[in-house]
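Residue numbering for the sequence shown follows the numbering used here, beginning at 11 and increasing consecutively.
By construction, these hints were calculated from the structure, which means they are not laboratory data.
Because the structure is a prediction, the values reported are computed rather than measured.
Listed below are the simulated DSSO-like cross-link pairs for lysine-lysine, each with C-alpha atoms no more than 30 Å apart in a straight line: (1) K307 - K240; (2) K104 - K148; (3) K255 - K206; (4) K255 - K148; (5) K148 - K75; (6) K240 - K36; (7) K307 - K36; (8) K70 - K206; (9) K240 - K148; (10) K104 - K75; (11) K255 - K209; (12) K255 - K307; (13) K307 - K209; (14) K104 - K70; (15) K240 - K209; (16) K240 - K206; (17) K104 - K240; (18) K148 - K70; (19) K70 - K255.
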Amino acid sequence: MGRIYRDFTELVGNTPLVELARIRTKYNLQSRILAKIEYLNPAGSVKDRTAWGIIREAEKSGRLKPGDLLFDLTSGNTGIGIAAVASARGYRTKFYLRNTISEDKINILRQFGSEIELIENEELFQPHAIHRIIDRIKAENPDAFYTGQRSNDANPQVHFETTGPEIWRDTEGDVDILVATVGTGGTVSGAGRFLKAQKPEIRIVVAEPTPQSVPSPENPDASTIEGVHKVTEVEEGTLPETYDKSVVDEVIAVTTEEARRAALAVAREEGFLVGTSSGAAIFAAIALSRRAENDGKTIAVVFPDSGERYLSLFDAPD
Numbered sequence: 011m012g013r014i015y016r017d018f019t020e021l022v023g024n025t026p027l028v029e030l031a032r033i034r035t036k037y038n039l040q041s042r043i044l045a046k047i048e049y050l051n052p053a054g055s056v057k058d059r060t061a062w063g064i065i066r067e068a069e070k071s072g073r074l075k076p077g078d079l080l081f082d083l084t085s086g087n088t089g090i091g092i093a094a095v096a097s098a099r100g101y102r103t104k105f106y107l108r109n110t111i112s113e114d115k116i117n118i119l120r121q122f123g124s125e126i127e128l129i130e131n132e133e134l135f136q137p138h139a140i141h142r143i144i145d146r147i148k149a150e151n152p153d154a155f156y157t158g159q160r161s162n163d164a165n166p167q168v169h170f171e172t173t174g175p176e177i178w179r180d181t182e183g184d185v186d187i188l189v190a191t192v193g194t195g196g197t198v199s200g201a202g203r204f205l206k207a208q209k210p211e212i213r214i215v216v217a218e219p220t221p222q223s224v225p226s227p228e229n230p231d232a233s234t235i236e237g238v239h240k241v242t243e244v245e246e247g248t249l250p251e252t253y254d255k256s257v258v259d260e261v262i263a264v265t266t267e268e269a270r271r272a273a274l275a276v277a278r279e280e281g282f283l284v285g286t287s288s289g290a291a292i293f294a295a296i297a298l299s300r301r302a303e304n305d306g307k308t309i310a311v312v313f314p315d316s317g318e319r320y321l322s323l324f325d326a327p328d
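Taking the hints into account, I'd like the entire structure generated from these sequences.
This is the structure:
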């Protein structure tokens, strides 16, 4: 029986869960590692779910009407997801981006017709910078809809309703650990909350960048794991409201170089060209798999996006 999809939004979600058998063999691992390939969402990342969840809820509440302007502060992927959904639903978009973001992402946003404003590192390094910037951009766009990925409950909720259930369905409940990175925390919070409701003993693990992999006034040009944020030892009040730390059992620190090498291993062993956020997650999963207590267990890893969005940031690998 044939099926014709009505629009972009019907393609969001139901991404495949793939066993990384060659990675397991390469590193002689005793756990089974499954990757949730989120770059197979229609605009290329896990943030397509977030974008559709936020816009869908705003439409249900009557907050949006055709032609409205949507805006947010984003590291790129959420902006791309929002821009794509907005195009499909008849809205305009404007995004505020860190000035170190990859040119690839900026070009994608411009293809969707989005208005772009870059934010200088100096502003980001000020005390309580995120809150100050959000207040500023809200004041600059008083009649527009702020999608608010860092505070909008629709963000984790869409992962509670889709990402978590998909992992549970596809593994038939045979999953022991979930590994993800944190941008806003929506994925790990929503999916983690669902999985723990089904299986309380499941462990939820976050891969975060080391301090050396995070730009700071002392190290403004730090090589970053793009779109991935620290969740430990951070300034009070800076964690996104959408991140539920009570769901998380463990945090594993990963350097940018470790994330890049792990992403490269996934490309060369499994054929999936992924970004460094995926690299950080698989590095953490490999570390977990090397622990004796995890022998024979199943580890699900979220691969947020494709490496194609970061090629301009990297030197050609050896």
